[in-house]
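> What follows is each chain in one-letter form.
There are 2 protein chains.
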Amino acid sequence: MYDLEKIGKEAKKMASYVRRLASSEKNNILFACAESLEENIAQIIYANDKDMANADPSRGAFNDRLKLNEQRVKAMAEGMRKVARQDDPTGETLYMKSLPNGLKVGEKRVPIGVVGMIYEARPNVTTDSFSLCFKAGNACVLRGSREAINSNIVLVKILQDTLESLEHPREIVQLIEDTSRETAREFMRLNKYIDVLIPRGSAGLIQSAVENSTIPIIETGVGNCHIFVDDSADLSNAVPLIINAKTQRPSVCNSCEKLLIHINIAERFLPIICRSLSDAGVEIRGDETVCGTFEKIIPATEDDWYTEYLDLIIAIKIVDNLEAAIEHINEYSSGHTDAILTESYTNANDFVEQVDSAAVFVNASTRFTDGEEFGLGAEVGISTQKLHARGPMGLTALTTTKFFVLGSGQIRK
Amino acid sequence: MYDLEKIGKEAKKMASYVRRLASSEKNNILFACAESLEENIAQIIYANDKDMANADPSRGAFNDRLKLNEQRVKAMAEGMRKVARQDDPTGETLYMKSLPNGLKVGEKRVPIGVVGMIYEARPNVTTDSFSLCFKAGNACVLRGSREAINSNIVLVKILQDTLESLEHPREIVQLIEDTSRETAREFMRLNKYIDVLIPRGSAGLIQSAVENSTIPIIETGVGNCHIFVDDSADLSNAVPLIINAKTQRPSVCNSCEKLLIHINIAERFLPIICRSLSDAGVEIRGDETVCGTFEKIIPATEDDWYTEYLDLIIAIKIVDNLEAAIEHINEYSSGHTDAILTESYTNANDFVEQVDSAAVFVNASTRFTDGEEFGLGAEVGISTQKLHARGPMGLTALTTTKFFVLGSGQIRK
Numbered sequence: 001m002y003d004l005e006k007i008g009k010e011a012k013k014m015a016s017y018v019r020r021l022a023s024s025e026k027n028n029i030l031f032a033c034a035e036s037l038e039e040n041i042a043q044i045i046y047a048n049d050k051d052m053a054n055a056d057p058s059r060g061a062f063n064d065r066l067k068l069n070e071q072r073v074k075a076m077a078e079g080m081r082k083v084a085r086q087d088d089p090t091g092e093t094l095y096m097k098s099l100p101n102g103l104k105v106g107e108k109r110v111p112i113g114v115v116g117m118i119y120e121a122r123p124n125v126t127t128d129s130f131s132l133c134f135k136a137g138n139a140c141v142l143r144g145s146r147e148a149i150n151s152n153i154v155l156v157k158i159l160q161d162t163l164e165s166l167e168h169p170r171e172i173v174q175l176i177e178d179t180s181r182e183t184a185r186e187f188m189r190l191n192k193y194i195d196v197l198i199p200r201g202s203a204g205l206i207q208s209a210v211e212n213s214t215i216p217i218i219e220t221g222v223g224n225c226h227i228f229v230d231d232s233a234d235l236s237n238a239v240p241l242i243i244n245a246k247t248q249r250p251s252v253c254n255s256c257e258k259l260l261i262h263i264n265i266a267e268r269f270l271p272i273i274c275r276s277l278s279d280a281g282v283e284i285r286g287d288e289t290v291c292g293t294f295e296k297i298i299p300a301t302e303d304d305w306y307t308e309y310l311d312l313i314i315a316i317k318i319v320d321n322l323e324a325a326i327e328h329i330n331e332y333s334s335g336h337t338d339a340i341l342t343e344s345y346t347n348a349n350d351f352v353e354q355v356d357s358a359a360v361f362v363n364a365s366t367r368f369t370d371g372e373e374f375g376l377g378a379e380v381g382i383s384t385q386k387l388h389a390r391g392p393m394g395l396t397a398l399t400t401t402k403f404f405v406l407g408s409g410q411i412r413k
Numbered sequence: 001m002y003d004l005e006k007i008g009k010e011a012k013k014m015a016s017y018v019r020r021l022a023s024s025e026k027n028n029i030l031f032a033c034a035e036s037l038e039e040n041i042a043q044i045i046y047a048n049d050k051d052m053a054n055a056d057p058s059r060g061a062f063n064d065r066l067k068l069n070e071q072r073v074k075a076m077a078e079g080m081r082k083v084a085r086q087d088d089p090t091g092e093t094l095y096m097k098s099l100p101n102g103l104k105v106g107e108k109r110v111p112i113g114v115v116g117m118i119y120e121a122r123p124n125v126t127t128d129s130f131s132l133c134f135k136a137g138n139a140c141v142l143r144g145s146r147e148a149i150n151s152n153i154v155l156v157k158i159l160q161d162t163l164e165s166l167e168h169p170r171e172i173v174q175l176i177e178d179t180s181r182e183t184a185r186e187f188m189r190l191n192k193y194i195d196v197l198i199p200r201g202s203a204g205l206i207q208s209a210v211e212n213s214t215i216p217i218i219e220t221g222v223g224n225c226h227i228f229v230d231d232s233a234d235l236s237n238a239v240p241l242i243i244n245a246k247t248q249r250p251s252v253c254n255s256c257e258k259l260l261i262h263i264n265i266a267e268r269f270l271p272i273i274c275r276s277l278s279d280a281g282v283e284i285r286g287d288e289t290v291c292g293t294f295e296k297i298i299p300a301t302e303d304d305w306y307t308e309y310l311d312l313i314i315a316i317k318i319v320d321n322l323e324a325a326i327e328h329i330n331e332y333s334s335g336h337t338d339a340i341l342t343e344s345y346t347n348a349n350d351f352v353e354q355v356d357s358a359a360v361f362v363n364a365s366t367r368f369t370d371g372e373e374f375g376l377g378a379e380v381g382i383s384t385q386k387l388h389a390r391g392p393m394g395l396t397a398l399t400t401t402k403f404f405v406l407g408s409g410q411i412r413k
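Chains as they are written, first to last, in the numbering used here: chain A, 1 to 413; chain B, 1 to 413.
Just so you know, these hints were derived from the structure itself, not from any lab. Any given hint could be a false lead.
To be verified - Here are some of the chain A residues that sit facing chain B, going by a computed Cβ distance under 7 Å:
1. 105
2. 195
3. 214
4. 362
5. 388
6. 406
7. 410
8. 411
Stated by the list, open to error - Under the rule of at most 30 Å between Cα atoms (straight-line distance), these lysine-lysine pairs were calculated in the DSS-like manner:
9. B:82 with B:13
10. A:6 with A:157
11. A:413 with B:74
12. B:12 with B:108
13. A:108 with B:82
14. B:108 with A:108
15. A:82 with B:104
16. A:12 with A:108
17. A:13 with A:157
18. B:97 with A:82
19. B:108 with B:9
20. A:12 with A:82
21. A:413 with B:67
22. A:192 with B:192
23. A:97 with B:108
24. B:108 with B:413
25. B:97 with A:108
26. A:82 with B:413
All values derive from a computational prediction rather than experimental measurement. Positions of the beta carbon are idealized from the N, C-alpha and C atoms, including for glycine.
Throw the hints in and build the complete structure from the sequences for me.
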């Protein structure tokens with residue numbers, strides 16, 4: 001039995017330690033860790049080669065994400081330096097006021113404590129997670145995937161060695177080396193020690209955390225983004241925008257998966273957009289009307305409307321009006337990003353107010369939903385839940401608040 | 001099988017409806033509901049009498065909380081009017097900025113959607129929950145206890161009749177009338193329809209929600225508040241303050257349950273405080289030193305340090321220094337409210353920084369942790385978790401945020 005209890009206890013102790021580090025100390029540590037990564041590139045690639053040798057050769061895209069080379073390790077180090085250069089989110093007093101009895105009540109931003117991360121293949125998530133959690137003043141416990149275990153062990157050892165060389169405890173970052181599902185599920189139940197669990201990866205992983213975790217979680221990253229083309233849309237803008245949203249990087253969560261077209265413009269717009277999508281190599285699925293007006297379209301099933309393809313596939317539906325578009329989106333969207341193309345002031349407003357998603361767009365590509373693009377700095381992930389953080393999460397998503405009350409002997413009457 | 005699926009679907013539909021109501025419409029509804037409660041006092045008390053007749057006569061304090069009379073119903077109506085008079089938390093734009101490419105990115109406060117509440121005896125929680133959820137723009141699904149079921153059915157019917165009389169859908173507030181545990185557990189798994197679940201009641205209820213809920217929850221209300229008397233404390237203030245924190249209302253979560261005393265002042269202070277507590281009718285439990293210095297003290301067990309007594313009981317421990325006090329609190333406290341009494345600037349600062357609780361106090365009674373006292377208006381509860389909301393929760397805890405992006409055809413490069 002893997003000793004998660006011990007890891008949890010250590011992490012809780014480390015939370016008290018990290019909470020007390022000054023920003024300058026945290027930054028020095030992050031810069032030193034970045035340097036250590038670059039000094040140990042050979043060792044990291046050697047371990048990653050073992051993971052690559054064990055990889056299932058049929059999983060091409062997956063293995064590409066697993067693969068490390070000199071350039072990628074340098075990018076990981078650069079990522080840590082970027083986090084070091086960001087403002088420390090903790091310590092800020094959000095407000096402070098005096099009550100009639102002379103008590104001063106304030107609220108300030110403080111670290112969460114212990115952050116648990118559970119994630120899939122990419123080894124860069126290991127260093128990203130550590131740097132973001134640590135910069136926000138937290139200890140962290142990481143559980144990467146079986147496929148990346150050799151890479152992750154070496155990466156965490158390098159971080160821990162660097163911490164130790166600067167006379168800080170190694171346990172500020174801990175890796176769960178047992179990658180079995182049983183241990184993952186047990187990890188999800190360590191709510192006694194871990195304050196928040198962030199699952200990053202497939203919908204299956206996130207669903208498992210929703211089902212099993214007793215630790216509060218932040219759901220991230222599942223996208224099923226819609227673009228609704230209103231009958232008042234500027235159609236000359238619409239084509240390049242939809243092509244951008246669908247094809248610029250189809251494997252990511254903010255790419256467009258569904259297109260809703262107002263019935264009044266369907267006859268005019270459908271042939272143009274289908275031709276353009278088809279020319280861009282996109283497979284089109286569609287409702288009955290769509291199938292009837294353009295060749296080579298596959299009939300969409302009910303499942304299609306829920307599916308995040310993460311691929312060069314799009315499903316198109318004709319809707320009667322704005323209300324039908326909003327209703328469809330609120331039913332089928334994952335609540336990540338949904339856009340309207342319109343020149344109508346009222347329709348733009350109604351769409352923004354009524355679509356219940358983390359990010360709602362008017363006349364822009366869905367691809368912009370991203371922490372860096374929004375100016376939040378390095379991104380922890382994109383939350384599709386409504387509690388704590390919604391949409392792209394910056395460092396503040398890894399903090400909480402605390403009330404402090406300064407008195408001079410006040411008692412309650 | 002109770003049809004929770006139907007309730008969930010209706011609630012989700014209602015979330016879209018309530019989201020679109022103007023503040024003035026919401027306020028009119030709340031004022032009308034308050035009036036309906038007062039018009040139907042006889043009917044409410046008649047239903048409550050049935051609950052009282054079914055009540056277990058051995059549970060005195062519990063039954064007192066269950067009991068409704070004219071004055072209490074009027075207080076419930078007044079509570080609704082108070083919520084109606086508070087500012088609407090939704091609609092506020094938290095910030096808005098222009099990106100270099102001309103996109104305007106904003107973040108605004110919006111309703112969560114559907115709030116689930118699961119709670120124990122007090123029938124006033126039914127009207128409080130509805131008014132808070134509704135004012136923040138949410139639909140709600142309520143599940144009260146078996147003991148209050150007759151009262152709750154009548155209360156919700158009055159709210160629904162009032163909604164209907166004003167031509168709004170009854171399903172804006174729904175009550176789960178099946179009070180079985182199985183249905184409660186099934187309710188906790190309705191994450192497809194319910195955005196947040198707030199359990200209010202005993203530690204057992206909250207633990208069950210932590211274990212079973214797939215809906216994100218906000219843990220509320222478990223207290224085990226400490227006061228640490230530093231060796232620099234003004235001891236003349238200390239006695240009335242501790243007596244206030246322990247005895248002013250011992251059954252609530254912000255009353256003091258544990259006293260830590262610096263060893264340097266133990267010999268001097270212990271007899272005074274023990275005498276005062278004992279005179280105030282408080283049962284004292286203590287560590288070895290404490291037991292040795294004052295008669296009639298019961299030895300405290302390890303369990304005592306974790307226990308929220310909610311009664312005229314206190315446990316006292318002698319600690320060697322500030323660090324030991326902080327360590328003890330971070331181990332045993334529920335993270336609700338913990339206080340230091342000190343005249344030392346450094347010790348006050350260190351305590352505030354290092355104690356990991358929702359509210360940390362210097363030289364004031366723990367009894368002040370409360371939404372009204374803190375100036376937040378009517379209180380949803382006191383969160384002892386770190387995600388989303390921490391400490392006393394006002395209406396904003398029942399909201400989330402949404403990014404909105406206004407463009408003119410921008411695509412991502």
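> A separate judgement is required for each hint: does it hold in the structure or not?
Structure-based check of each hint:
1. At its closest, the beta carbon of residue 105 of chain A sits 5 Å from a beta carbon of chain B; the interface hint therefore holds under the 7 Å criterion.
2. Checking residue 195 of chain A against chain B: minimum C-beta separation of about 5 Å stays under 7 Å; hint holds.
3. Hint status for residue 214 of chain A: holds, given a least beta-carbon distance of 5 Å to chain B, under 7 Å.
4. For residue 362 of chain A, the shortest C-beta to C-beta distance to chain B is roughly 5 Å, which falls under 7 Å, so the interface hint holds.
5. Look at residue 388 of chain A: its Cβ gets to within about 4 Å of chain B, closer than 7 Å, so that hint holds up.
6. This hint holds: residue 406 of chain A has a C-beta 5 Å from the nearest C-beta of chain B, less than the 7 Å allowed.
7. With a cut of 7 Å, the hint placing residue 410 of chain A at the interface with chain B holds, because the nearest CB-to-CB distance is about 5 Å.
8. For residue 411 of chain A, the interface hint holds, since its Cβ comes within 7 Å of a Cβ in chain B; the closest pair sits about 4 Å apart.
9. Pair hint residue 82 of chain B plus residue 13 of chain B holds up; C-alpha atoms about 27 Å apart against a cutoff of 30 Å.
10. Distance check on the hinted pair: residue 6 of chain A and residue 157 of chain A sit about 18 Å apart at the alpha-carbon level, within 30 Å; holds.
11. Proximity of residue 413 of chain A to residue 74 of chain B is assessed by CA-CA distance (about 24 Å); at most 30 Å being required, the pair is judged to hold.
12. Straight-line distance between C-alpha atoms of residue 12 of chain B and residue 108 of chain B comes to about 21 Å, which keeps the hinted pair within the 30 Å bound.
13. Proposed proximity of residue 108 of chain A and residue 82 of chain B is supported: the alpha carbons are some 28 Å apart, at most 30 Å.
14. Between residue 108 of chain B and residue 108 of chain A the alpha-carbon distance is near 21 Å, which keeps this suggested pair within the 30 Å criterion.
15. Only pairs whose Cα atoms come within 30 Å are accepted, and residue 82 of chain A paired with residue 104 of chain B is accepted, the gap being roughly 25 Å.
16. Taking the CA atoms of residue 12 of chain A and residue 108 of chain A, the gap is near 21 Å; set against the 30 Å cutoff, the hint holds.
17. Only pairs whose Cα atoms come within 30 Å are accepted, and residue 13 of chain A paired with residue 157 of chain A is accepted, the gap being roughly 20 Å.
18. A hinted pair counts as satisfied when its Cα atoms are at most 30 Å apart, and residue 97 of chain B with residue 82 of chain A qualifies at roughly 22 Å.
19. Restraint check for residue 108 of chain B and residue 9 of chain B: satisfied, since their Cα atoms lie roughly 26 Å apart, inside the 30 Å limit.
20. With a C-alpha separation of about 27 Å, the suggested pair residue 12 of chain A and residue 82 of chain A falls inside the 30 Å cut-off, and the hint holds.
21. A threshold of 30 Å between alpha carbons decides the hint, and for residue 413 of chain A with residue 67 of chain B the separation of about 25 Å falls inside it, so the pair holds.
22. Of the supplied pair hints, the one linking residue 192 of chain A and residue 192 of chain B holds, its CA atoms being roughly 27 Å apart against a limit of 30 Å.
23. Proximity of residue 97 of chain A to residue 108 of chain B is assessed by CA-CA distance (about 24 Å); at most 30 Å being required, the pair is judged to hold.
24. Between the alpha carbons of residue 108 of chain B and residue 413 of chain B the distance comes to roughly 27 Å, so the proposed pair stays at or under 30 Å and holds.
25. Distance restraint check for residue 97 of chain B and residue 108 of chain A: the Cα-Cα separation of roughly 24 Å lies within the 30 Å cut-off, and the hinted pair is therefore satisfied.
26. This hinted pair checks out: residue 82 of chain A and residue 413 of chain B have alpha carbons roughly 22 Å apart, not beyond 30 Å.
Checked against the numbered hints above, the structure breaks none of them.
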